[in-house]
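Undergrad: Construct all of the structure, not just a fragment, from the sequences and the given hints.
Chain by chain, the residues run as shown.
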Amino acid sequence: MLCNREHILKSTRRVSGQISILEYALLTFFVMVVIIGLIIFLSYWQVTQLGVEETRTRMDRALFLTKHFLNSQQFVKRDSMFDDGKLTALFSLPNACEELQEVFGLDWFAEIRVLDGNAPKECTWTNYPDCNYWSFCVEDKSNRSYDVPTNIYRRIGYTLTTGVLGRTDIGILRVGVYV
Amino acid sequence: MISIYQLFKIIFGLVASGFILYFLIHYTGIYITMQEDVMRVLIIQNFRKATQDVYFTGNPINFSDFGRLDFTLYFDGQAEPPVMRSEVGEMVFLTPMFFSPSDEVFIDRNHLDHGWFKFYFVEALPEFFIIFNPLDTGLWQDTDWDLMKNITALFPSTIGRTPKVRFGFCGYPDEDNLSDTWERYDFLDSPSAVLKQSHAATTFSRCNASMSWNQRLVTISQSCLPDFITQGICIQPPDIYGIGFAYINGSDSSYMYKDSLDLVAMIIGGDERDIYGISTLGENLYEYKNKIWRERVRLASMITGRRAQLIETKLPADITELNECKTLYASLKNTLYFGPEPVYDLLSQQDYYTSHNTARDLLERLAEAKSVYQDLVNKGCEYAL
Numbered sequence: 001m002l003c004n005r006e007h008i009l010k011s012t013r014r015v016s017g018q019i020s021i022l023e024y025a026l027l028t029f030f031v032m033v034v035i036i037g038l039i040i041f042l043s044y045w046q047v048t049q050l051g052v053e054e055t056r057t058r059m060d061r062a063l064f065l066t067k068h069f070l071n072s073q074q075f076v077k078r079d080s081m082f083d084d085g086k087l088t089a090l091f092s093l094p095n096a097c098e099e100l101q102e103v104f105g106l107d108w109f110a111e112i113r114v115l116d117g118n119a120p121k122e123c124t125w126t127n128y129p130d131c132n133y134w135s136f137c138v139e140d141k142s143n144r145s146y147d148v149p150t151n152i153y154r155r156i157g158y159t160l161t162t163g164v165l166g167r168t169d170i171g172i173l174r175v176g177v178y179v
Numbered sequence: 001m002i003s004i005y006q007l008f009k010i011i012f013g014l015v016a017s018g019f020i021l022y023f024l025i026h027y028t029g030i031y032i033t034m035q036e037d038v039m040r041v042l043i044i045q046n047f048r049k050a051t052q053d054v055y056f057t058g059n060p061i062n063f064s065d066f067g068r069l070d071f072t073l074y075f076d077g078q079a080e081p082p083v084m085r086s087e088v089g090e091m092v093f094l095t096p097m098f099f100s101p102s103d104e105v106f107i108d109r110n111h112l113d114h115g116w117f118k119f120y121f122v123e124a125l126p127e128f129f130i131i132f133n134p135l136d137t138g139l140w141q142d143t144d145w146d147l148m149k150n151i152t153a154l155f156p157s158t159i160g161r162t163p164k165v166r167f168g169f170c171g172y173p174d175e176d177n178l179s180d181t182w183e184r185y186d187f188l189d190s191p192s193a194v195l196k197q198s199h200a201a202t203t204f205s206r207c208n209a210s211m212s213w214n215q216r217l218v219t220i221s222q223s224c225l226p227d228f229i230t231q232g233i234c235i236q237p238p239d240i241y242g243i244g245f246a247y248i249n250g251s252d253s254s255y256m257y258k259d260s261l262d263l264v265a266m267i268i269g270g271d272e273r274d275i276y277g278i279s280t281l282g283e284n285l286y287e288y289k290n291k292i293w294r295e296r297v298r299l300a301s302m303i304t305g306r307r308a309q310l311i312e313t314k315l316p317a318d319i320t321e322l323n324e325c326k327t328l329y330a331s332l333k334n335t336l337y338f339g340p341e342p343v344y345d346l347l348s349q350q351d352y353y354t355s356h357n358t359a360r361d362l363l364e365r366l367a368e369a370k371s372v373y374q375d376l377v378n379k380g381c382e383y384a385l
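Sequences listed follow chains H and Z, in order. Mapping the first sequence onto the numbering used here, position 40 (from 1) lands on 40, and the numbers just tick up by one. Mapping the second sequence onto the numbering used here, position 55 (from 1) lands on 55, and the numbers just tick up by one.
If you're looking for bench data, these hints aren't it; they were derived computationally from the structure. Note that the Cβ used here is the ideal one computed from N, Cα and C, for glycine as well. One or more hints might be untrue.
[Claimed, not checked] Beta-carbon label-pair distances, calculated as ranges:
1. H:Asp107 / Z:Phe228: 46 to 56 Å
2. H:Glu98 / Z:Gly380: 49 to 59 Å
3. H:Leu106 / Z:Gly18: 36 to 46 Å
4. Z:Arg68 / H:Tyr178: 28 to 38 Å
5. Z:Glu295 / H:Leu42: 19 to 29 Å
6. H:Thr57 / Z:Gly160: 50 to 60 Å
7. Z:Glu341 / H:Asp107: 28 to 38 Å
TA: Structural data, given as structure tokens:
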């Protein structure tokens, strides 16, 4: 009887020891799972942020091009006021887009439209100044763009008997980047 | 006495802890490096945005974010498109910019005025000292001082701002003497400015003082040659056409200049070698200036020339008051685009800034176009820029 009791005690101690070992192993396993899960989550977050960053970079470029168009003396009379003569002189060139791409890079476009209530009429050498629309590097591709109101100085605005007066019209500038 | 079970617990705990710690420390190290790189990219992006804002608005600002981390920056203006290279890659910089890296820079806008077009550019400079050493005497002395005025006018005024850009002299009364330094207002702009003082009795010796990294020695002398100087830039005064030659310490080449911005670009770059060790930073900025100036002015000459022809043809023929305008528009269009030898064609030549004849013709055409445009403005045919 004594032997049985000792045997039972020994067995009980062995089992409880094994349970304790298992506890440790399980605890360690779960801690490792949590740490690895955290690492995977942080990595996934960084990758997602890269996608957001790419979109932000494109919009920043579109905004930069918009500001450049509104301030660049190649196109404007003064800040945010385009000169229709400059726009027409450039637009009527067959390689206007290539010329501008040398300065502004690739994959962008720009449109300027006078808000005069008429249908868009592209400005050419022959119909100037009876026109209201200029476009550069426009293609049928998906894009992200900004639309901003702007002024357009019409050099030959009003023709009088003694001279020609300029006129300022309201328009819309759209500048975008292709995605 | 320690049981086997307790021994197991100790050993297992040590192994598991060591494994977890190693993993955490290793990943943390990678994460820290990654986040530092992300911060560097953000700082360079912020700098690009700051230069763009200054370029568009003309409002100067101070930028000090480069001091937050260690940077190795190199502005490669000759790349297509121009890029800022660093340890985190490269970033495109389309804004015309003359940059000298430091923890803190002052960003300001300036321009070259051609009358019918203004070439705007941005300067991003740390605390800077431009030390002049004009060596010519007699008749050439006034030319030297005019050159100093033209160079100074293209640097920013930093009154009430930091970091400062200051100007001074070296070589008077003796070769090791560095004078006081002044900001642009006191050196050039104010009625009692240093450069407006009488200088007839002032004779400079060749400067022997050593310059620090943010000091630029600018020697002006008829005797400039590649081995004439041991530091900085040496500039020969311009000839009757407004063209001259400059030399950079450490380079055997001569660099032809036709406007003050050519010289300012070389001064800002300095005589230090670039990261590739092939050429000096001054030469790189000089090449960049000529590349970007040509791009912008060539495009502008085409647009303005064609616009002049467009308006000339569209102005009503029966209004005699407009005949003078038409004549001037005809002159402007030919000078800029339609020829003979218009600005557009001259700028289309690759050697326009290295050939004396081409540069001379170009300067003549630009002066002519400026004069014609001013006449158009005076007669009410055009608006002033």
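Undergrad: A separate judgement is required for each hint: does it hold in the structure or not?
TA: Now the hints, each set against the structure:
1. The hinted range of 46 to 56 Å is satisfied by Asp107 (chain H) and Phe228 (chain Z), whose Cβ atoms lie roughly 49 Å apart.
2. Checked against the hint of 49 to 59 Å, the C-beta distance between Glu98 (chain H) and Gly380 (chain Z) comes to roughly 36 Å, which is inconsistent with it.
3. At roughly 53 Å, the beta-carbon separation of Leu106 (chain H) and Gly18 (chain Z) lies outside the given 36 to 46 Å, and the hint is violated.
4. Between Arg68 (chain Z) and Tyr178 (chain H) the Cβ separation comes to about 35 Å, which falls inside the hinted range of 28 to 38 Å.
5. Range check, Glu295 (chain Z) to Leu42 (chain H): Cβ separation about 44 Å, and the 19 to 29 Å hint is violated.
6. At roughly 35 Å, the beta-carbon separation of Thr57 (chain H) and Gly160 (chain Z) lies outside the given 50 to 60 Å, and the hint is violated.
7. Checked against the given bound of 28 to 38 Å, the beta carbons of Glu341 (chain Z) and Asp107 (chain H), roughly 36 Å apart, stay inside it.
When the structure is compared with the earlier hints, violations turn up for hints 2, 3, 5 and 6 and for no others.
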